[in-house]
Amino acid sequence: MSVQVQVPQIFRKHTGGAKTVSAEGKTVREVLENLDKSYPGLRDRLQDGKGLHPFVNIYRNDEDIRFLGYLETEVHEGDTISILPAVAGGG
Amino acid sequence: MFKLEKRFAEEITDHARSEVPNECCGLVAGKDGSALQLYRCDSAEKSPYRYYVDPKDQIRIMRELDQKGWDLIGIYHSHTHTEAYPSKTDVELAFYPEALYFIVSLEKPEAPVIRAFWIIDGEITEEEVIVA
Numbered sequence: 001m002s003v004q005v006q007v008p009q010i011f012r013k014h015t016g017g018a019k020t021v022s023a024e025g026k027t028v029r030e031v032l033e034n035l036d037k038s039y040p041g042l043r044d045r046l047q048d049g050k051g052l053h054p055f056v057n058i059y060r061n062d063e064d065i066r067f068l069g070y071l072e073t074e075v076h077e078g079d080t081i082s083i084l085p086a087v088a089g090g091g
Numbered sequence: 001m002f003k004l005e006k007r008f009a010e011e012i013t014d015h016a017r018s019e020v021p022n023e024c025c026g027l028v029a030g031k032d033g034s035a036l037q038l039y040r041c042d043s044a045e046k047s048p049y050r051y052y053v054d055p056k057d058q059i060r061i062m063r064e065l066d067q068k069g070w071d072l073i074g075i076y077h078s079h080t081h082t083e084a085y086p087s088k089t090d091v092e093l094a095f096y097p098e099a100l101y102f103i104v105s106l107e108k109p110e111a112p113v114i115r116a117f118w119i120i121d122g123e124i125t126e127e128e129v130i131v132a
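Quick note, the sequences are listed as chains A and B, same order. In terms of the numbering used here, the first sequence is residues 1 to 91. In terms of the numbering used here, the second sequence is residues 1 to 132.
It should be emphasised that the hints constitute simulated quantities derived from the structure, not laboratory data. Misleading hints may appear alongside valid ones.
[Said to hold, decoys possible] Straight-line alpha carbon distances no greater than 25 Å define the calculated DMTMM-like cross-link-like pairs of lysine to aspartate or glutamate that follow:
1) B:56 to A:62
2) B:3 to B:110
3) B:46 to A:62
[Claimed, not checked] The calculated label-pair distances, taken between Cβ atoms and stated as ranges, are:
4) B:120 to A:40: 17 to 27 Å
5) A:33 to B:7: 43 to 53 Å
6) A:67 to B:124: 32 to 42 Å
Don't be surprised by glycine CBs; every beta carbon is placed ideally from N, CA and C.
Just chain B, with the same shape it has in the complex (with noise of 0.2 Å):
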């Protein structure tokens, strides 16, 4: 179970709005598996279907949490049109064992919702996800 603060669920569904009607991406920073803050991403790849966090944008924040003494935990993305579960491509190219990967997905843009999986060697497992 993993307890995602309020504010954060709604960072992460403002982004994922903000960039209708591509999929937006961002990296969650925390430390002994609680966030602690998130970084919105330029997607490399200005899509509805992709998602690819612009690699300066990921080597300046890499930087900033070893600064900080974080870790990256988890890993958001969203889905425009789909439900809130891993595609075939985002268990492809799930390189980060050690973070939590996010999905938010506006499939109902007036509901939306977010799960979370780990994606371990092809491997899907979800994690509840509790917004308090």
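Same shape as in the complex, but just chain A (with noise of 0.2 Å):
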């Protein structure tokens, strides 16, 4: 199953510069864990030990994954997952 993944700005150090990069995976844990063996350190700026970053939220086409089943989302042929950090502070 391969998915066009849109890495944003921040992370794009470790894609080469890739805006939109592709991987393999029936499960977003799957892709994302793809995407490491392609593009080492990225997953690390994703996940912690327990799961998904707080302030980075991905998405199966427009949804959240963390309405849908978080790490466990089903993906198919064609999907994409698009990573956006959360656009967030406080003074």
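Assemble the dimeric complex from its two separately framed chains, guided by the hints.
Structure follows, in structure tokens:
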């Protein structure tokens, strides 16, 4: 199962500057594991030991995986996985 | 130097005032470094000290930008009681090096101040804002 993964600018140093990369997997977890093989270090920016970093959001097409099956969310041929860090802060 | 159209400056200030006592937040879309449209966002964290653009708003807006061929050129939020300068949290959570971070301060409610900053790898660099 091949999907397109959209990588935000802040993480593109891991993908040689590429905005969109392809990865294999049946679930988001597998896609991230396979991505890390091609682009070492990328997964550590997205996940900590427990799961997704609290300020990283991942979407399957337009849906936040936290409202689907989280890291076990199934992916299908042709899906787009988007990684979007939170827009957050506070004074 | 960043030229911010008066209508956008007013919109940011209006948004900030309408969310008091909480912080407001939104995205600035544009092309070639010029602002074309502001997107007011819901904050998933309604607080005087925090903002967090609702992830549902964020993906919807990012898709719209892709369709229009626009870029995310800025992110704005308000400081309700402090100066228009990035806080420690603002710096820690600055994940968009390509965006200019606009902060509107309502510290003096009758005289709001908008300033803008690049926040890259923890470094803050101010960009002069000219409202015209």
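Outcome of the hint check:
1. Restraint check: the Cα-Cα separation between residue 56 (chain B) and residue 62 (chain A) comes to about 8 Å, which is no more than 25 Å; the hinted pair holds.
2. For the given pair, residue 3 (chain B) sits about 22 Å from residue 110 (chain B) by alpha-carbon distance, which is consistent with the 25 Å threshold.
3. For the hint linking residue 46 (chain B) to residue 62 (chain A), the alpha-carbon distance of about 24 Å falls within 25 Å, and the restraint holds.
4. For residue 120 (chain B) paired with residue 40 (chain A), a C-beta distance near 23 Å keeps the hint of 17 to 27 Å intact.
5. A hinted range of 43 to 53 Å for the beta carbons of residue 33 (chain A) and residue 7 (chain B) is consistent with their spacing of about 47 Å.
6. One distance hint, 32 to 42 Å for the beta-carbon pair residue 67 (chain A) and residue 124 (chain B), holds here, with the actual separation near 34 Å.
Comparing the model with each numbered hint stated earlier shows that all of them hold.
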